[in-house]
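Asker: In full-length UniProt numbering, the protein residues as written are 1 to 867.
The reader is advised that the hints may include incorrect statements.
Claimed, not checked - Cross-link-like lysine-lysine pairs, in silico, PhoX-like; alpha carbons within 25 Å at most:
| hint | residue 1 | residue 2 |
| --- | --- | --- |
| 1 | 385 | 375 |
| 2 | 444 | 748 |
| 3 | 748 | 714 |
To be verified - Computed spacing ranges between beta-carbons, pair by pair:
| hint | residue 1 | residue 2 | range |
| --- | --- | --- | --- |
| 4 | 570 | 87 | 52 to 62 Å |
| 5 | 636 | 663 | 28 to 38 Å |
| 6 | 245 | 141 | 43 to 53 Å |
| 7 | 608 | 486 | 56 to 66 Å |
What the hints contain is simulated information worked out from the structure, not anything from laboratory work.
In this text, a Cβ means the ideal position worked out from N, Cα and C, and glycines have one as well.
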Amino acid sequence: MDQTKPARRAYHSAGWRPRSRLRGSCSDSTVRDVHHSHYGRICPIETPEGPNIGLLGSLATYARTNEYGFIETPYRKVHTEILNTDPRLNGRTLTEDVVADNGTTILKSGGTPTRSNGRLTKISTLSERMIQVGPFVSDDPGDIVYLTADKEETVRIAQANAALDEQGQFTEDRVETRMGEHVGLMEPPDSVEYMDVAPIQLVSVSTALIPFLEHDDANRALMGSNMQRQAVPLLRPEPPLVGTGMEERVAKRQRTDMGDVVKVGDVLADSSSTGRGELALGQNILVAFMSWEGYNFEDAIIISRKLLEDDKFTSIHIEKHEVESRDTKLGPEEITRDIPNVGEESLRNLDEEGIIRVGAEIGPGDILVGKITPKGETELSAEEKLLRAIFGEKARDVKDTSLRVPHGQRGKIIEVRVLSRDNKDELPPGVNKLVRLWVAQTRKITEGDKMAGRHGNKGVVARILPEEDMPYLPDGTPVDIILTPLGVPSRMNLGQVLETHLGRAASLLGFRAVTPVFDGAPDTAIEDSLGQAWIVEQSGAVDPRVLHQSVERNIDHDRVREWLVERGYEYDSLFGEGAELGAARRASIEIWLKEARGMDSSTLTEQELLDEVARLNRDEQVAAPIIGKTTLHDGRTGEPFDQPITVGQIYMMKLIHLVEDKIHARSTGPYSLITQQPLGGKAQFGGQRFGEMEVWALEAYSAAYNLQEMLTVKSDDVVGRVKTYEAIVKGEDVIQPGIPESFHVLMKELQSLGLSVELLYEEPETMGLGDFDDGFGDDLADTLPTFGLIGGLGNDESDPVPVTVGIGGNVIESEAHSEGVAVESTEPVAEEAEAPGRRRLNSKLIAFNRTSPDWNSAEIRKSATLK
């Protein structure tokens, strides 16, 4: 379970895994599709995006498994009868005549027994019986019923948001229900048997954290719920201004001990990445949806440097490293400070045991724990025996196997633990000592880091601008982040815009909004809040210096009241608890039209008022208070932008995909043993893959020399890359590339299949020594001035004639040499060529010393033609 990302714990604890043989290669979409039996059991939104999409899912919020392993979901029972002694009978409508024991009718069908008319008392004194009443939904927790998918196939179930009166009775004549795979059925209340317990029972915990989920496209909601699991815990977490109410229910870690005295409002349970007892995965920041010099092209994000200075998105990352010393066949490994061929500078942070000290700053390649491993020793020479006798075991042949900081990591040592058999610690078999250490690193947000909201609105930080260059509000407040407006229409995740609007109102008015999934704030309520925020801002009831800094607001309500009275409006009708829905919206529009546009709109209807607001926004680029747009000014010039811009508070998270973990560069490094090509991946310090389609791209641009380098000296031309590196170091011209090692591997594979494949050369000049597959290519290439090549030459395999091959293709034959090393080959070197101009070598070659006195005194000389 990933401890770094707190939201992932909820996913793992509520995850559902199919116990089947289906894998990611299964292409049948019917297996992956959402099924009606998933309702309330498996979340239809949260699932991986990769090959396992639809095959892996998450349990819904209230789902559970029964003793047989089937998933159940809860429902509220719809009752049509009630016990005559139950006090809930009061005020209900009867659907049958109630007859006393003596046969007299106490109350006919359609009547309502109450305490005031005395009928309820009479009915309750009768012998215990069930009374038929109009259907009602029980609010008793004991009446919650858990059903499996097969049991709900034949029952009608109403939605959780069906309208009920105080008695729990349906207020509508027809109720929207579902039965099995049939949805949207409008049925009379009498036929309804169950009702959903809550709208969020349809989705998982992660999905239930997305406000305005019903306004987001399902694909983006999937990304939003998945990316919340990737959020990094921040140094200063903030709960969202606009939440769903699930935030405080996800936080689980206990914060109290037995015997603690608690009072109302105290936090009993908390967790990592929480603030005020609620899940806090990100930060509330001031956003503007606009383009800025093209730097937020393709979902790129522009942020203010103030976010770095305030440590808004600063996180601490802790990596664990461990090393163990084992018993080997050649002797035990040893953790020590005495490491061969390591300078004192590299050992400066190690203690006398070879373990790094706590608090040391480390970087890539630094030694964390010094360790030596005995190497296989050959027979010792006299000098080595003398050294061994003088210095003892210290002079033995050992290998440096120290634990070093991996490539690309840095930080500070915060803890070291040493486990050893001497201290009676439990260790695996064969392990003598185990050292664990933890490295902590503080990371501020930087260019290349991935950020995301809760609606699938993800992007990469492209620029970090100085605070003074960011666009600013009319009161001088610079925005914190700039998102591209093109990320909204095609993605169809309008929830981020609604969150921005409601977040702006919540920030200005000083409240935290809670909009549950599928039961959130309506548009009119959001516009009311924006209207109220505009009124408060215009009246000057809030100190502008703290307007965008904290959630808590000290609003001067008396000043707001006076400001409204001057304009003919009552404070209580707009801000009171009994304020009518839409009243603040209308009042703010009327005041704005009169003061900003000089227009009296008191006679306009509600729809005419909204049409006028839309016309002004569309034709004249003037934004009313309820639209959520503001005139921004360019931070560099001070000039206002030509159109109003959507500005508000949005909740953004920093994801685990950090550029510091991904950035990688390599000059030279390790190579694959077989293909001699660079390894892949940052962990192996590998190179970038240049694949087939990348080759096509260079071919399309006729980049021949780039392509040749990519396929030879930058890849697996073993001789060429060494010579190229040497030429670069010496400042010389780079030599012509040779043959890639992969070609030789291909030849060997073909030869292993029994095919006689030989390397042919078009011209004599192309016959480089490094191209011979003889194991001596490098040595021979280095010693061309002093060595020739010898091979066997003869017309008959039984009568080989030793031959010296000169550099220019001349063949000098020799039979006896006093100093050189001559080898007689069992196969002929030269044969008749099939095509003129082709030359072929088919012999094992060996170096022959040209300085031999027998070089020019050969007994036999023949001329030969090499193919």
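Asker: So, for every hint listed, does it hold in this structure?
Answerer: Cross-check of the supplied hints:
no.: 1; hint: 385 x 375; in the structure: 16 Å, holds
no.: 2; hint: 444 x 748; in the structure: 52 Å, violated
no.: 3; hint: 748 x 714; in the structure: 22 Å, holds
no.: 4; hint: 570 x 87: 52 to 62 Å; in the structure: 42 Å, violated
no.: 5; hint: 636 x 663: 28 to 38 Å; in the structure: 30 Å, holds
no.: 6; hint: 245 x 141: 43 to 53 Å; in the structure: 19 Å, violated
no.: 7; hint: 608 x 486: 56 to 66 Å; in the structure: 32 Å, violated
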